[in-house]
Each structure stands twice: as C-alpha cells, then as structure tokens.
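Each of the two chains sits in its own frame; use the hints to bring them together as a complex.
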Amino acid sequence: MPDASISLLVNGAPVSVAPGTTVAAAILMSGPRARVSVTGEPRAPLCGMGICFECRATINGFAHKRSCQVLCEPGMDVRTA
Amino acid sequence: MSEDWDVVVAGAGIVGAACAHECASRGLRTAIVEAGEIGGGATAAGMGHIVVLDDSPAQLALTSYSQGLWRELSSRLPAGAEYESCGTLWVASDDEEMEEVHRKRALYATVGIASEVLDSHALAEAEPHLSPALAGALLVPSDGVLYPPCAAEYLVRDAVRLGAKLYSQFKVVSAGDGLVRLNDGTELRAPRIINALGSEAVTLLPDLPIRKRKGHLVITDRYPGFVHHQLVELGYLKSAHSIATDSVAFNIQPRKTGQVLLGSSRQFGAEDSTVDYSMVAAMIDRARVFMPEIGTLSAIRIWTGFRAATPDKLPLIGPWQDDPTLFLAAGHEGLGITTSLGTAKVLVDYLVDGETQIPIDPYLPARFVRSEAHA
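Read top to bottom, the protein sequences are chains A and B.
Heads up: the first sequence at position 56 corresponds to 56 in this note's numbering, and the numbers run straight through without jumps.
Heads up: the second sequence at position 326 corresponds to 326 in this note's numbering, and the numbers run straight through without jumps.
Looking at chain B on its own, in the form it has when it is part of the complex (with noise of 0.2 Å):
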C-alpha cells in the first residue's frame, strides 16, 4: 500500500505531535506514525515543567518562545493536561548565588520575561517548608507545569480533526529520498519527513549526535500545599552541565493532585531502565538539604527516563545532510515539553515560507557536520 501525503512525522512524543499539530494547523495533509502509545515515552517519563532557560542565548530563545505558545495553548488544553500557571522558584543558597538571581532577571528582562528578586524572608514566606537558611530566589511567574502525556494526546487529537492521519503502533523501518516504509510493508510518500523520535532518532539514522540520558523521578502521595511552586536549585545548571559524571539536583515540583514531584538526576551511559537506588538516595539527601522535611512524605513511585541530548545541549531543528526531504525536530534533552511547540513553529514555518519568528540557526543539525568537517 502506497499513500502521498505533505507531511509524515515520525514520533507522537511530545515533540512530533506539536510538529503534527502545527503541520495540520497550517493545512498541510500530514501523516504521524507512532509505534507505542501518543507521549509514551521520555514524555511520559519528565516533570512537565515549561521552563525557561538561560544556558545558552540560543536555548534562552527557543524555551521563552515556548513559554509564550504554550501560555497561548493553556485555554485550549484539557483538565487532563493539568496545565498551571504556578510559576518557577530559582533558589539561591548563597550570596554568589544571589547574584545569579540579579543577573538571571536581568537577562530573562530581555526577551520579555518578567520574574522578581525575592530576598530570604520573602522566599521563606512563599515556601514555608523550605530551609531558612537559603539566601532568596527568583519568581519567574509564567512558568508552569502541566501532564506532558495528555498534552501530547490533545496535540495528536486535534491535528487529526484538522485531517492529519495518526498510524498508531506502526513502527518506522526506514525514511528518507520522500518515503517513510512501515513495518507492515506501507510506504508513505511525503516530500518533507520529520524525524522527531527523540533518543530513538538514532534507530533511523545512526550518526546523529544523540546520546541517552537517563533520569529518575520520584512522586510521593498526596500532601495538598506542601509546595506552591516549580522550586529549582540555582546550582542546577552545575549539575546539568557536568557531562563526565553522574549528578543529582534539587528540582520539585507541585501537582495539581497535591503530590509532589521530586528530581532529579542526570546519568551518561547507564542504558538500563531500571532503577537506581543510590541516585534515588543522592536525590533524596540533596532535596533535604533544601527541604528538610521532605523526608516525611511517602513516595508512592519510583522510574527512570532517557532524554535525548546533543553535545551542545541544543535540539536538532532543520534539515539532514544531503537528503532534502529529511528533517529533524530531536535531541530536546530535558526541555522537549517546553520546547516542542517553539521547535514546530521553527520546523513548519522554516518548512513552509523559510521565515521564523526567532533564528533557526542555532538548532539546525548541519552545526555538527560542520564541526566534524574541520575537527
């Protein structure tokens, strides 16, 4: 069987159903293929925390124009997304740390995020159950938090009432020259294929410059007003960036239900799923650091996560190599719930009219090739 379609996306993770999603949207017909369930896989497995960053200028664009769409998006979602509006705490243990407060809100100021400086009592009044010992943090308030798995399912939902087609549990044997070939011998023809299967990226196209990251989380049971805010260690950009060893941060997180959502660890070559009790330990001993009565709570579930990071911890947006019906939208690390809808307005405007709204050149897979060519 032989179908032409405009589109086909690879992947109904959080990522290939917004790039479904905005394909649809924009009348294109569009074809999704997923082998598992819609958002079963590193989107099923993350916080959901919409966030925004400032590793890089580049990253510092694409999570604040994520921030904004997703905003935009919330009315639209269902309960079930749990979308809030709870906004994120940077918790600043020390002085040296406070002054990354002032910088941070300087420079979130210039994209048109507001956030404020909030000094050691105002911190405590917030969070009460947070140390008295810390210095302050920042409020970013249009930060949020939603259910990433249900977000994903509305994204593929309504891009089919839109037309687009999903092929659920098909898996992708191959992609590329304008046909995408599924397991049961159907090929869909597409002059634009989006590979947008996070880590698994790989399984079609071996080179790509993506690794597995594994994380863990832990949920406790319900413990309504625990916590009010996204709160996220200052520190935990150190840790994201240490790529040679294992490392754990303070990053909790409220849920609409009152449980409380507890991260996270980081962990290069550790390919096996299951779960690791000595990170769960160094997460739990650095949350109590910051939260000493986090030891109270009751964990109800433990699991683990692969995200699918880059060397520069950008994601790949854009074309591959040679083949020009081959695009990437892959490799968000542990910012593809933020970043999906930034990364398919870029992709599908890029795709349709060749102008987006922020640069695309610093996501566009060929920065790698380049590097690789005059290393």
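Next comes chain A alone, as it looks inside the complex (with noise of 0.2 Å):
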C-alpha cells in the first residue's frame, strides 16, 4: 500500500493520495464528480495522456488545466466546476 501522504482538496473535499498521483486520479478517488460540459454533459477522464482534454479541471485557480499531466502537491485546490 503507497504511502498516501499528499493532503489537497477536490471541490472542496480532502483527498490524501500518495507522490506521483496525477490530479485526474486524485479526482477519481474523491467521488464521481468531474467536469461538465458547455450543454451540461458529464465529462471523465479518458485519454489519461493530455489529448482529449476531457479531464480540464481549475488547479489552483487556473482555469482549463490538463488534470492527467499535473501530480498533485500538499495543499492544492482542483474545481471539476
């Protein structure tokens, strides 16, 4: 079992994951909730390698990141909304 020592929030929830865990994961982890669509469609992670932009999410206030290409850190906010 990997240490989960990584403390952030996802919409406000805390999630613990271990080093090397991509935010797109750690959204996973904390509940069915990713993105929403323009038309209000649900959105996942698909790709898992920064091509279908399905998984943008606002990482530390910054719109429209790639959340599969970011590794969380101690601390960070991620919005799937």
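Think of the hints as simulated: they come from the structure by calculation, not from any bench.
The C-beta atom is built at its ideal place from N, Cα and C for all residues, glycine as well.
Certain hints may be false.
Claimed, not checked - Which residues of chain A face chain B? A partial, calculated answer using Cβ under 8 Å:
| id | residue |
| --- | --- |
| 1 | F62 |
| 2 | A63 |
| 3 | H64 |
Stated by the list, open to error - Over the 12 Å line for every Cβ pair with chain A, so calculated as not near, a few chain B residues:
| id | residue |
| --- | --- |
| 4 | A45 |
| 5 | H102 |
| 6 | R103 |
| 7 | P128 |
| 8 | D221 |
| 9 | E293 |
| 10 | L297 |
| 11 | P324 |
Written out as structure tokens, the structure reads:
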C-alpha cells in the first residue's frame, strides 16, 4: 500500500494520495464528479495522456488545466466545475 | 444555359454578401456566385472586429459610416452572429501615446463617434488583467465584435429571401462585357458585375493592385471575464503601416463564449497558409507585454488567413478600367468585416443613382490607373 501522504482539496473535499499521483486520479478517487461540458453533459478523464482534454480542471485558480498531466502537491485546490 | 440578371456578384465573402444583400434590398434582380462556403475565406479567418480607424480621412469616413450600419443591422442578426457592442480600448503605453489618445478622441468626434479617455487608473479598473504600467486608453464604446461567417450567411440568406439567387459551389471563370461564365458553362448576363473575390479578385483581373497579406490568430479555451473589451495597442498602426517587414501587434478580443481571440500578425510574401510558429511566438510575447497573464491561458486553435491588401490601404470600390459592366468591391485588407456594409451602400448607391452618402472618390479603382500613368 503506497503512502498516502499528500493531502489536497477536490471541490472543497479533502483527499489524500500517494506521491506521484496525477490530479486526474485524485479527482476520480474523490467521487464521480468530474468536469461538466458547456452543454451540461458529464465528462471524465479518458485518454490519460493529455490529448483528449476531457479531464480539464481548475487547479490553484488556473482554469482548463489538463489534470492527467499534473501531479498532486500538498494543499492543492482542485475544482471540476 | 444563359440567364439574365440586373447584377451578378462574384464572391460570397462578407463584402460580396453585403453587396448582394444591398442589391436585392433595392429590388435589383441579383445573382451571387460562390465557389466554396459562404464567408469561408478571409471572412472566416478574421477577428470580426467592427472598428473605426483613422489611418486616413477616407478610412475614417468608411469605417465610421460602416460601424453605424452594423449597429443598425445588429438587432436583425441571428444569435449565431454573436454581435456584441463591447467597444474598443486603444491602449497607450506611455505619455507620447496618450497624446495620440487625445488626438484620436478629437478626430473621432468630428465624424460623430463618441469616445472617452481613460487614465491608467480607469484602465486598470476596466481591464484588471492589463499591465499596471500602461498610461491609459481611448474607449470607443460603439465598436463591436461579431462572428463574420454567420453574418455573411445571414446577408446571403436574406438576399435570397428578397429574390436573389445563390450559385453555390460554382467558380467564376471569366467576367466582363456584361457576361459571367461559370465553370459548368452557365452564362449569367448582367449590365453590372461586381467582383468581390477578396484576395482572389486577381484571378479574374491580374492587373489589380491587390496582394495577399498573411495573418495569424490564436483562440483560447473559455475564460469568461478575462477580458471585456477589444484591446488594441495604439502602436498597432505603426506595425500595420510597416509594409517592408513582418510585424505583430497586441490585439485581443473577448468572444461571447468566454474565449479569448488573440492577434495579430502581418506578412507580405508569405503565400503558404502553414502556421509560422515564430510569428505566433512573437504575437504572444507582444501580448505578454500588455497582459502578462495571457501566458497562463490555454490556446486551443491557431490558424492563418490572407488579407487582400492594396498599396494605399483603402479598398477598391467602383468601376474598373474600360469595361462599363465591371465593378470592384475588393481589397479591404484587415477591415473587410467592418467596411463590408459601407462598401455595399456606397457601391450600390453609385450604381443605382450615382449619389453616395460618403464620397466614393477615394476608393475608386481608377486612382491606381492614374498614378501609374503619371509615374
């Protein structure tokens, strides 16, 4: 069992993850709520390699970050809507 | 097959669309011929900034006239045309450019365009993401933005509603002496033929003084509220004037979607539509001088287009040389979206009753024939 030593917030809820975990993984661990498209459809991380843009989230106030390409850091604030 | 019309318009870019709409509105039996998509050329590539510009008195006359026509038309445009009266902020970097702001305000007032001088504090309040080091700006509230291909589509569809006929996916192979030949052999006869083919106008008239001037644009993902007005650096005119070299200028636009459209570049002699990343990098570097945080936004598309540039930066509107049936509405460089409506009014007024709301003389194509004869 990897050491879940990094704590961050996903939509305001605390999540603890192991070092090296992507933000996309942390979003999935935090529950079903990922991005919602402009027409109101639910979206979720798909390709996991920065191509499909479906995993976009606001990370530390910066919108449209591809969460599968960003590693979790202590105290990060991640928002999917 | 042969058909008779009062007017045949070649080209359904924004200028051809506006001309066909104006002709049909006056009850003229109008045909419009488009080889590709309506508004699919430079019309689709440009920013869609409806802007009053004062590069020359004639440019000021045509842009201010046209801006008013867009405001009149705006309530009839479909939602997809995304018309928004967001205004332009002409951004001044230093005190010298603030003098230009005051000069511009006074000049615009002479043609009935109200504007407001913002000091650096007011500018920072209006656009918080701009650099605090800027000196101020001129706000022209009556300028706007729109999505040009949808506006062109509306103008063509409304012309058709008024009785015009669209020849879609037909190429004009020749035009002159009252006859337009299409690629399938169809002959359209008309006492007035309008060449509104933009930078392609030269394919029918190789002697036209029109050159392609390449531009790049970048559009970002959605960042609602990042920018509120169309922002243009006052130095824009300096770079737009520079004919010898490639140039970039800070020019940024809010879209209704929350997306940010970033320009602009100008290049002569670049006929290849490939994105030139050194130009894009120069555009972004220039933008970061004015708006440091622009670098944190995510760009989703970059594209290029070709402006139809004339030597004196004014369009060609009116009869062409010796053929009394042939007229031009082309060569609008970076202002074709703005000046399309004014161009159409001026040209059709000229054709129908010879009297125009603003003088047509500065735009008459004959100015180049004359200057060559005296050279």
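Any hints from earlier that this structure breaks? Give me their numbers in increasing order, please. 8, 9 and 10
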